[in-house]
Amino acid sequence: MRKKTTSLIICFLLFFGQFVYAQGLSRNTGVGVRASFWSMSDHVMSYNVSGNRQSADIDLSGVGVWLFLFSRVHNHWFLTFESGAVGSVSGRGDAELQAGLAEGSAVTPILFGMRYDFLSSRMPGALQPYVSGGIGPYWINQFKAEARGDEEEVTGQSALKYGVYAGAGTHIILTSWFALNFDLKYHFVDFHAGHDYSGIEFGLGLAVMWGKKREIFQIREIELVVQEIYPVDYQFYNSYPLALVKIKNVAGYPIEINVRSNIKGYSERPKDSGFIKLEKNELRSIPVTAIFSPAILSADRRQPAVLDLAIEARPGTSVIKQVHAQLFVHHRQAWNGDMKKLKYYITPEEKQVIEQSKQIIQEANVDFSDHFNTARVLFEYFAGLGLAYRNDPDVPFYQDDRVQSALETLKVGSGDCDDLVVLYASFLQSLGIRTASVEVRDPQKDQAHLYLLFDSGLEPEQGELISSNEKKYIIRQGPGTRSSIWIPIETTRLAQGFHEAWNAAALAYQEEGIIRNGLAEGWVTIIDNQ
Amino acid sequence: MGQLYIIRMRVTAGILMLLLIPSLTFGQAITIVSIKGDVKIRRGLEEAWAPVTVGSILKDMDSILTGENAEASLQIHQDHTFRLGPQAMLDMADLRRIDQREMFLLLMSEKINNIENRREKSRIRLGNVTVVHGNDKSGSAKTVKPVDAMRWRQEYNGARALYGHDYFTNAIVKLSKTGKRFPNAEDCGKISFLLGQSFAAIRQVGQAMEAYQASAEKIRTMGCNDSESLRRLQLTETAVAELRDTMP
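Residue numbers (the numbering used here), protein chains in the order written: chain A, 898 to 1427; chain B, 7 to 254.
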């Protein structure tokens, strides 16, 4: 008994060494074979050949083979089925006496049990230790063959005993589908440790596994926040989420999640969310942003793109799940009509715009600080170029507007209201003049319209300097208490000149914004372009 | 049966007309029914003011201005006459009845959002401003004309007329615009006081108190010691105390 206890303690200590390591994420199902030695009834495996090979003793106790299957029932718990055939043979022969005695027994256990992988999957390592236990019938067959001279006698008997086992073992994961198995069990045949066939059993084998690995997190939902990507404001998406990935921690302990996004062909490089801690059972939406490369600005038509998401969980063996979602990347000039986005089409920082605007003002000999005349000179310059109003091309099945950059409008020599607003605003802003767009979505008209406001820089009390009729300008209050005079300009009236364009916009503002109540009703809106 | 139907239709139409009268205030021509002294009108976006005669019709975009000791009466619709006192300016758009929601939206709509303060770099200097007046808008430089100190008073008197005719929300919008246009008006808190009264009239206690307090502050900072200002200060303090009592 003392010997058995010592053996068990040694085995436990051996396994304890593995505690510092841990298992990988085991798969759901597996099958394996194992060769084993079952120390039945304290037999000792021995052989003895003596006396000029005249006699021999042999005792091969408990050698066998096992087939085992396992299948996960919950997290770390597996249902197991094991069946084997373990034989014990002992024999004695004496040539001189021409006598021999052979005794054998075969145990065929059919065991159902449970296995518990007791180390957390959060720890790295290939070892997957477990404890196990089960119950089942042990079919025991015994035979005895005796020969003496010419006489031979063979007798046999069989019995079905029930019993239990308790054990421990480990898988050594070599690949995600293949593992070595080392197993240690103690069988209590007939529920009795003193039974002839009760004893400790060691086994070494291999297992093939398949099925899902145990989940430590679940992707519950991918909610696309932005499905339509407009190239012009691609930098906006660096910080604005394209999608929200709803992830649940099912590991049973805190984990950290990183979401990596990539849009093939459009991302400059993958973008990581950074590891975000999820408490046990926590469900959280993680925002996904992307880093678009300037190459997106060459998109020449609306086309699908795939948002690839790789979601990595740690600690423990790093688990990566990949999911995908479809987006659409629009034409580089496309605009969805969202006024807040129009400012992205305005490019005051463009070198050519800065140089050209400066040159125009210098040639007109206007003081840069005189915003009103600077704006007038610029407008007259564009009028002189003969820029024409032209509607956007009618693309079948395509509802979005298209906005040309300032330089594109100059190049093609025409544009619609938003193109001309963008052109004028780009040049004004390049000279430090603030602008705002007035959007009119008149319920009585089919099409929306845009015109521009620019900041004259004049104090409200200086309105008389530009017009004695205060209806021709708007006093806008800044973030503080400071206000200034803003001038409305109808940019589509280029051909009629600055003052006509001013009057037309002022009239529109008064009629639509004030008299017809558009500002209060919300169909006339002013959006700052900075 | 047919006659009864026609009578019903007429009654319904009559009720509808009665209901629509306030909303028709705007969009209808306004007639000048009487004038006294120097009264001028300005059409649309024109720069100049022109003399006016009784019977003149004013349209949506027009404005009217009364001189010293002058007054004018406007017929808005058949049974409603609006009297404008001396030294007052009124846009016809000011006479459009607006509710409180519209009033607040109008006040908010002209605020600048999300801008970085780049004003210091490009701050205009008065001496460099080119003046453009009248028909000549070529941008030729002219001498800077001093801002007419009486302009705020004309606007203020126009707002008073609105207040006097129970156009409280309209008075608030006009006074707010006047306050923005003439932030340095030496009004001894008159604009803010009337603003406070208008807000109080529509039971906007918070805004009313704020306006009254601004009025009192201006009286003090400007050092207005005339009897009218001192009385206004007293009224302001009383009004604030009363409003405070009404607060939950």
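Calculated directly from the structure, the hints in this document are not laboratory data. Wrong hints could be hidden among the right ones.
[What the hints assert, rightly or not] Covered stretches of chain B, as calculated for chain A (at least 3 residues, CB under 8 Å):
#1 100 to 107
#2 196 to 205
[Unchecked claim] Subject to a maximum C-alpha distance of 27 Å in a straight line, what follows is the list of computed DSSO-like cross-link-like pairs (lysine-lysine):
#3 A:K1177 x A:K1109
#4 A:K1342 x A:K1238
#5 A:K1255 x A:K1168
#6 A:K1342 x B:K65
#7 A:K1058 x A:K1109
#8 B:K65 x B:K186
#9 A:K1174 x A:K1218
#10 A:K1145 x A:K1218
#11 A:K1368 x B:K186
#12 B:K65 x A:K1368
#13 A:K1255 x B:K186
#14 A:K1110 x A:K1058
[As the list claims (entries may be wrong)] Pulled from the structure, derived: some chain A residues nowhere near chain B, Cβ distances all over 10 Å:
#15 H1089
#16 E1125
#17 Y1137
#18 S1364
#19 E1367
#20 Q1407
#21 I1423
Just so you know, even glycine gets a beta-carbon here, dropped at the ideal spot from N, CA and C.
Tested hints:
1. Counting residues of the region 100 to 107 of chain B whose CB lies closer than 8 Å to any CB of chain A gives 3, which reaches the minimum of 3, so the coverage claim holds.
2. Figure legend: the region 196 to 205 of chain B, annotated as covered by chain A; annotation inconsistent (0 residues with Cβ-Cβ distances under 8 Å, at least 3 required).
3. Under the criterion of a C-alpha separation no larger than 27 Å, the hint pairing A:K1177 with A:K1109 is consistent with the structure, at around 21 Å.
4. Annotation: proposed proximity of A:K1342 to A:K1238 holds, straight-line Cα distance about 23 Å (limit 27 Å).
5. The hinted pair formed by A:K1255 and A:K1168 fails the criterion: a straight-line CA distance of about 39 Å is larger than 27 Å.
6. Straight-line distance between C-alpha atoms of A:K1342 and B:K65 comes to about 23 Å, which keeps the hinted pair within the 27 Å bound.
7. Proposed proximity of A:K1058 and A:K1109 is contradicted: the alpha carbons are some 37 Å apart, above 27 Å.
8. Simply put, B:K65 and B:K186 have alpha-carbon atoms about 25 Å apart, close enough for the 27 Å limit, and the pair holds.
9. A hinted pair counts as satisfied when its Cα atoms are at most 27 Å apart, and A:K1174 with A:K1218 qualifies at roughly 17 Å.
10. The straight-line distance between the Cα atoms of A:K1145 and A:K1218 is roughly 13 Å, inside the 27 Å bound, and the hint therefore holds.
11. Under the criterion of a C-alpha separation no larger than 27 Å, the hint pairing A:K1368 with B:K186 is consistent with the structure, at around 14 Å.
12. For the hint linking B:K65 to A:K1368, the alpha-carbon distance of about 14 Å falls within 27 Å, and the restraint holds.
13. In summary, the hint linking A:K1255 to B:K186 is not supported, as the alpha carbons are separated by about 33 Å, beyond the 27 Å threshold.
14. Proximity of A:K1110 to A:K1058 is assessed by CA-CA distance (about 37 Å); at most 27 Å being required, the pair is judged violated.
15. Residue-level check passed: A:H1089 sits 84 Å from the nearest beta carbon of chain B, beyond 10 Å.
16. Every CB of chain B lies more than 10 Å from the CB of A:E1125, the least distance being 23 Å, so the non-interface label holds.
17. Every C-beta of chain B lies more than 10 Å from that of A:Y1137, the closest at about 15 Å, which supports listing it as non-interface.
18. The claim that A:S1364 is not at the interface with chain B is violated, since a C-beta of that chain comes within 10 Å of its own (minimum 6 Å).
19. For A:E1367, the condition that its CB be more than 10 Å from all CB atoms of chain B is violated, with the nearest at approximately 7 Å.
20. Look at A:Q1407: its CB is around 6 Å from the nearest CB on chain B, not clear of 10 Å, so calling it non-interface is violated.
21. Against the 10 Å criterion, A:I1423 falls within the reach of chain B, whose nearest CB is about 6 Å from its own CB.
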